[in-house]
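Visitor: So you can see what is in the structure, the chains are spelled out below.
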Amino acid sequence: MKKLFSFMVIALIGLMLVGCSDDGGTGEAAKGEETTKVKVAYMPNYASLNTVVAGIKTGTFKDEGIEVELVEFADGPTIIAALESGSIDVGYIGPGAHVLPIQGEAEIFAFSQLGNADEVIGSAKKGVGNIEDLKGKTIAVATGTSSETILDLTLAEAGLTKDDVTLMNMDASAIVTAMISGSVDAVATWSPNTNAIKNEMGDDAVMLSNNARYADQFPSIASWLVKPGYAEKNEDVLLRFTKGLFKAMDYRVDNLGEVAKWVAEEIAVDPDSVLQQTGDGDWITTKQLMTLIEDGTLEGYYKKQQENFVDAGRLTKEEMRPVEEYVLFDVMKNAAK
Amino acid sequence: MKGIDLLYIERVIFYMLIILMLFLFLSSILVLILKRNKETFYIFGMCMSLAIMFSGVLLYIAKKGGISRETQEFLFFNLEIKSKIQYFLITVYEMGYIIAIGRYMFPMFLLFLALHFSMIPWLQRNYWLKRFTFLMPVLSLIIYYPSVFLYLTNIHEGFQQIIAIGTMGWIILYTILSIFLLVYEAYSIEMEFFRRKFILIVSFILSLILFYFLYFGQDPAQVYQFYASKTGIYYMNTVLSIRTYIFIVFINVIFAVIGFTGLLKYTNDIVQSSREEVIIQRKFDAISTGTSVFVHSIKNQLLANRVIFKRINSNLDDIEKVKEYTDALSKQNENILMRIEELYRSVKTSAVHLIPLRLSEVTESAMERFHQKYPDKTVHVELISKCNVLADKNHLSEAIYNLLTNAQEAINDLPNHEGMVILSCYNVRQYTVIEVKDNGIGISKEDVKKICEPFFTKKNSNYNWGMGLHYVRTIAREHFGSLRYESEKDNGSTFYLLLPKF
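Sequence order for the protein chains is D and B.
Residues -4 to 332, numbered by the numbering used here, are exactly what the first sequence covers, in order.
Residues 1411 to 1912, numbered by the numbering used here, are exactly what the second sequence covers, in order.
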């Protein structure tokens, strides 16, 4: 036993030494100190990744002295939690998680796009062909996300409430499996999960509603954000990052297909499935964004969003606050200069 | 990107993680099968809880993301496996409750195990404490049951924080208490061979705790509120560097191997000693050896008697001489009777009547017998006061007497009265130990294994038939105890007669 012990101790010390020498190795790699590393949280879909990947590939971030490190997340609330913990610097969120910046958990420094990624899909086999059929059915939903929002809107249109259906609270990936396996009658989810379901189920998957259907009632906003106080402390870094992001935004508008391939490469999926997602958003240029800001349209979107959250019971009236308190219009304006 | 070497190491480590889990699983099942007792059941429970908790946490991490590619590859081997796990069909409530089950069962089994090992009399007396151990885990599992949990947090949002802190509190309390009990126990064991084995088992348990502590802070409520958690995401705050993971897994593998070897060895000990029993029994049954020794000895004595008879016949006139011869005959006769009786006793030990006795009565009787044989020799006696044992006075004192004479014979040849025989009695864990120690000639390594076999003897005399230790061993077993010994050539021997504490 003594021999075994001493062998293990030696092995342990050996491992530590290997560890130490390895440390020296990674130190060398981080030589270039002129660039600032920014950790960016994304979700593995086209809408979330297109600008940032275009920026990395075309070198717009590099030009600003920014090195982007991508970290994958499944959803917006987790990204905000990660921002708080400091494990990432910048994050992208879809519409559902916007309730958190309104409540003061994050600050929006750039508008991304109006999305059309959320859908409610019914299973024809299970007898769900239109929104009225949802009554009494089992629906998979990711509570606290835009999936819940689109479901609320759809149920309301059909004159139903959540009490009229059975909800199964799942994560976005499990929703896909639940629908394909026939465990639920309908789902509320977002792209690319919607595409995955349609590809798998074919005609059995019936789209009941999407963001476009409620565009006037409910702008489906996606934004870039940082944790409260970050913008003040890292003004320069954030400005440079936004500049890189905007230049990439402009490139993307003219090269949707090419960027889709890059995105597919980054998240290691079939390029076709990403190409299917190029219609998920209303992609705009920096110039168009400035117009939206100047004529007050953008502020209007965010205001409307707050009202929607109040209607859905996810935000109280007291929690509503002026848009400029949490949307940093100045960063966008300065970056566009 | 990374070098091939690092990638290779990661894969190896991943396999280690999987193998470790499998190893823990299979070994705990194996040990449980081999040794169906409480401590192995508790360790099995701990391993199971760990596996359940880790499955839940890994499922959660796969679905939630937010860790670097590198860490993902470490935890899931590759991204394909990760996405398979990610798409696993399960509701957030089921996922959270899986974590809850593992999270709350582990400390419970841990404390049960620690209480089971602990010999602190107060703890042993107060049996309600063991029942109390159930309380917090069961309560937590009820509170965290999804519908109950949603109901409670609907009443007041603040409850969630209270519940989270409360459960974290008792988990830490249980763990600290368990670690204290285990370490205290290891510290207070007096007998070396017990302590060595116990420390192996304790270090294994500690490594399991280290493993548990990797993700023990993952509150199931965070999983229930998959997309709306305001309390943060535990695993994200504690993302470790790959090197730290490797280190922890490495430490765990080492201790798991050591711990299970300890447990298995312990088990093996018992398996082996019962096998030993079989061998001894077989040898004993193989009458050829036994009978031939017996017959040979008896024959020798009878032949000696024949010589005496012849002499008597040729010296019938000399009364004095005849008297001398008949005295010799009578002595021989007594001797033969004594041998036969001894053999009979060691073969027929079924007649053991256990009654509660003062241990001092037994040792006094043994000393009496000893002094009949060696009137001028002394034995140092160290007794604990007021100790009772369940014993057959006659047999047990005979057994102790056997050990004492053996010890005396081992020191007989030492010069200048340096030899010393110590008889001491004390309580250790669940045993009352009668220890006979000498600083005599000791037993060589080859012989140590054989000394309990019947008819084995190194003492070349007409008066020793090699039945002594076999007899002692049989008597110990009849008393539901055992005989253990440590000996080294030229360095004396120590024999422990372990009896269950009464």
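No wet-lab data here; the hints were simulated from the structure.
The beta-carbon is built from N, C-alpha and C at its ideal position, and this holds for glycine as well.
Incorrect hints may have been included.
[Said to hold, decoys possible] Heads up, incomplete: computed chain B residues facing chain D, CB under 10 Å, no partners named:
1. K1473
2. F1486
3. E1490
4. R1749
[Stated by the list, open to error] Straight-line distance between alpha carbons at most 25 Å, and here's what the computed SDA-like set of lysine to any residue pairs gives:
5. B:K1741 <-> B:R1721
6. D:K132 <-> D:A119
7. B:K1494 <-> D:D249
8. D:K157 <-> B:S1775
9. B:K1796 <-> B:Q1534
10. B:K1494 <-> D:E260
11. B:K1494 <-> D:T138
12. B:K1787 <-> B:V1732
13. D:K298 <-> D:A151
14. D:K130 <-> B:L1499
15. B:K1448 <-> B:S1775
16. B:K1796 <-> B:N1822
17. D:K132 <-> B:Q1534
18. D:K312 <-> D:K193
19. D:K157 <-> B:K1492
20. B:K1855 <-> B:S1897
21. B:K1492 <-> D:K298
22. D:K52 <-> D:D249
23. B:K1492 <-> D:E261
24. D:K193 <-> D:N125
25. D:K256 <-> B:E1483
26. B:K1492 <-> D:E67
27. B:K1494 <-> D:K222
28. B:K1494 <-> D:K312
29. D:K222 <-> D:K120
30. D:K256 <-> D:V232
31. D:K132 <-> D:M196
32. D:K332 <-> D:V232
33. B:K1492 <-> D:P266
34. D:K132 <-> B:K1796
35. D:K193 <-> B:N1901
36. B:K1494 <-> D:D265
Visitor: Does N1901 (chain B) lie within 25 Å of K193 (chain D) when you go C-alpha to C-alpha?
Guide: violated, 83 Å
Visitor: Has the given pair, K1448 (chain B) with S1775 (chain B), been kept, meaning a C-alpha gap of at most 25 Å?
Guide: violated, 38 Å
Visitor: Tell me if the straight-line CA distance from K130 (chain D) to L1499 (chain B) falls inside 25 Å.
Guide: holds, 23 Å
Visitor: Please verify whether K1494 (chain B) and K222 (chain D) have alpha carbons no more than 25 Å apart.
Guide: violated, 32 Å
Visitor: Run the distance test for K222 (chain D) versus K120 (chain D): straight-line Cα separation, threshold 25 Å.
Guide: violated, 45 Å
Visitor: For the pair we were handed, K132 (chain D) and M196 (chain D), check the Cα-Cα distance against 25 Å.
Guide: Holds, at about 19 Å.
Visitor: Given the proposed pairing of K1796 (chain B) with Q1534 (chain B), does the C-alpha separation stay at or below 25 Å?
Guide: holds, 20 Å
Visitor: Given the hint that K1492 (chain B) pairs with K298 (chain D), test it: the Cα-Cα distance must not exceed 25 Å.
Guide: Violated: K1492 (chain B) and K298 (chain D) sit about 39 Å apart, past 25 Å.
Visitor: Given the proposed pairing of K52 (chain D) with D249 (chain D), does the C-alpha separation stay at or below 25 Å?
Guide: holds, 15 Å
Visitor: Going straight from one Cα to the other, do K1492 (chain B) and P266 (chain D) come out at no more than 25 Å?
Guide: Between K1492 (chain B) and P266 (chain D) the Cα gap is close to 20 Å, so the pair holds against 25 Å.
Visitor: Measuring from the C-beta of E1490 (chain B) to each C-beta in chain D, is the shortest one below 10 Å?
Guide: holds, 9 Å
Visitor: Need the status of pair K312 (chain D), K193 (chain D): alpha-carbon distance at most 25 Å?
Guide: violated, 38 Å
Of the numbered hints given earlier, the model fails hints 2, 4, 7, 8, 12, 15, 16, 17, 18, 19, 21, 27, 28, 29, 30, 34 and 35; all others are met.
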